[in-house]
Amino acid sequence: MSYHIQIANHLNLKATQVEKTIELLEAGNTIPFIARYRKEVTGELDEVEIRHIEEQLGRLKTLDERRLAILKAIEEQGKLTAELQTAPKRPTPDRPRRLVPTLQEKAANPQPTWLPTRPRPLAEQILQQPKGRPTWVSCPSVYGEDVPDTNSAWAGARDIIAEQISDHAQIRGAVREQAQKYATLEVTKIDGGDDPKQVYALYYEFSQRVDRLRPHQILAINRGENEKVLRVKLDVSPSGIGSALSRTTSCPP
11 MSYHIQIANH LNLKATQVEK TIELLEAGNT IPFIARYRKE VTGELDEVEI
61 RHIEEQLGRL KTLDERRLAI LKAIEEQGKL TAELQTAPKR PTPDRPRRLV
111 PTLQEKAANP QPTWLPTRPR PLAEQILQQP KGRPTWVSCP SVYGEDVPDT
161 NSAWAGARDI IAEQISDHAQ IRGAVREQAQ KYATLEVTKI DGGDDPKQVY
211 ALYYEFSQRV DRLRPHQILA INRGENEKVL RVKLDVSPSG IGSALSRTTS
261 CPP
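Numbering (our numbering), first residue to last: 11 to 263.
Hints are not guaranteed to be accurate.
[To be verified] Quick list of in silico lysine-lysine cross-link-like pairs, DSS-like style, CA-CA up to 30 Å:
id, residue 1, residue 2
1, Lys238, Lys191
2, Lys49, Lys238
3, Lys82, Lys24
4, Lys30, Lys49
5, Lys207, Lys243
6, Lys49, Lys24
7, Lys238, Lys24
8, Lys71, Lys82
9, Lys243, Lys191
10, Lys238, Lys71
11, Lys49, Lys82
12, Lys71, Lys191
13, Lys30, Lys71
[Said to hold, decoys possible] Cβ-Cβ distance ranges computed for the label pairs, FRET-style:
id, residue 1, residue 2, range
14, Ala25, Glu134, 49 to 57 Å
15, Glu215, Glu36, 13 to 21 Å
16, Asn236, Val51, 25 to 33 Å
17, Glu57, Ala172, 43 to 51 Å
No lab work stands behind these hints, which were simulated from the structure alone. Being a predicted model, the structure only gives us computed values, none of them experimental. Note that beta-carbon positions come from the ideal geometry of N, C-alpha and C, so glycine has one too.
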């Protein structure tokens, strides 16, 4: 799917309007010039709409660049699978990012110093439990003498399970879908955030389900966050995530 079609769908504009606007932008024309002197080409788009198109175009190009960089990194590691090789480039240009965690992610989550002897048997017992009421797991009998203590055993088991879940493309997709449908975006003003003209006043105390957000709201919130005026938090229901995991894997939620 071409950029202009994706943007048109996202902003609820005609594809021809977006296509012509992108051509004008890439030819070096400024947004004020296009809005004032090229109305017959863009279909009467104003400066705000043209700016939204420019921002969405930049976002999609950035995602494509990331996708290509990630595929190259995965190939250099010798881990490029058939699934990734055949993954569609669009309409989800960040798909490889969801399928395979990058080395940067691994580095950002340092493992315990006793990683080589982590209590994998304990994690396996937890994962093999039937759905519904969990069975009792005897922790000391499965984690081994070389694990420091019971708390470390449970922590290690959680690390292993979290790692398996994060490496599972289908699970991540189910969780992402759950979040996109039912998560709530909570926005507040950062103490000391510089907004003298109160450009983002509407979002100082803002809450909305993500599937009900309008494109102009998303763009304004993104700008406010980038300018260190707004703090953004995504509130996802744990029960919803548990349901998504239950539908996707045999692991009890």
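Results of checking the hints against the structure:
1. Lys238 to Lys191: holds (27 Å)
2. Lys49 to Lys238: violated (34 Å)
3. Lys82 to Lys24: violated (35 Å)
4. Lys30 to Lys49: Answer holds: Lys30 to Lys49 is near 11 Å, not above 30 Å.
5. Lys207 to Lys243: holds (24 Å)
6. Lys49 to Lys24: Satisfied, since the Cα-Cα distance of roughly 14 Å is no more than 30 Å.
7. Lys238 to Lys24: Not satisfied, since the Cα-Cα distance of roughly 33 Å exceeds 30 Å.
8. Lys71 to Lys82: Judged against 30 Å, a Cα distance of about 17 Å means the pair holds.
9. Lys243 to Lys191: holds (16 Å)
10. Lys238 to Lys71: holds (24 Å)
11. Lys49 to Lys82: violated (42 Å)
12. Lys71 to Lys191: holds (25 Å)
13. Lys30 to Lys71: Holds: Lys30 and Lys71 sit about 17 Å apart, inside 30 Å.
14. Ala25 to Glu134: 49 to 57 Å: holds (51 Å)
15. Glu215 to Glu36: 13 to 21 Å: For Glu36 against Glu215, whose Cβ atoms are near 39 Å apart, the range 13 to 21 Å is violated.
16. Asn236 to Val51: 25 to 33 Å: With a Cβ separation near 30 Å, Asn236 and Val51 satisfy 25 to 33 Å, so the hint holds.
17. Glu57 to Ala172: 43 to 51 Å: holds (46 Å)
Comparing the model with each earlier hint shows violations of hints 2, 3, 7, 11, 15; every other hint is respected.
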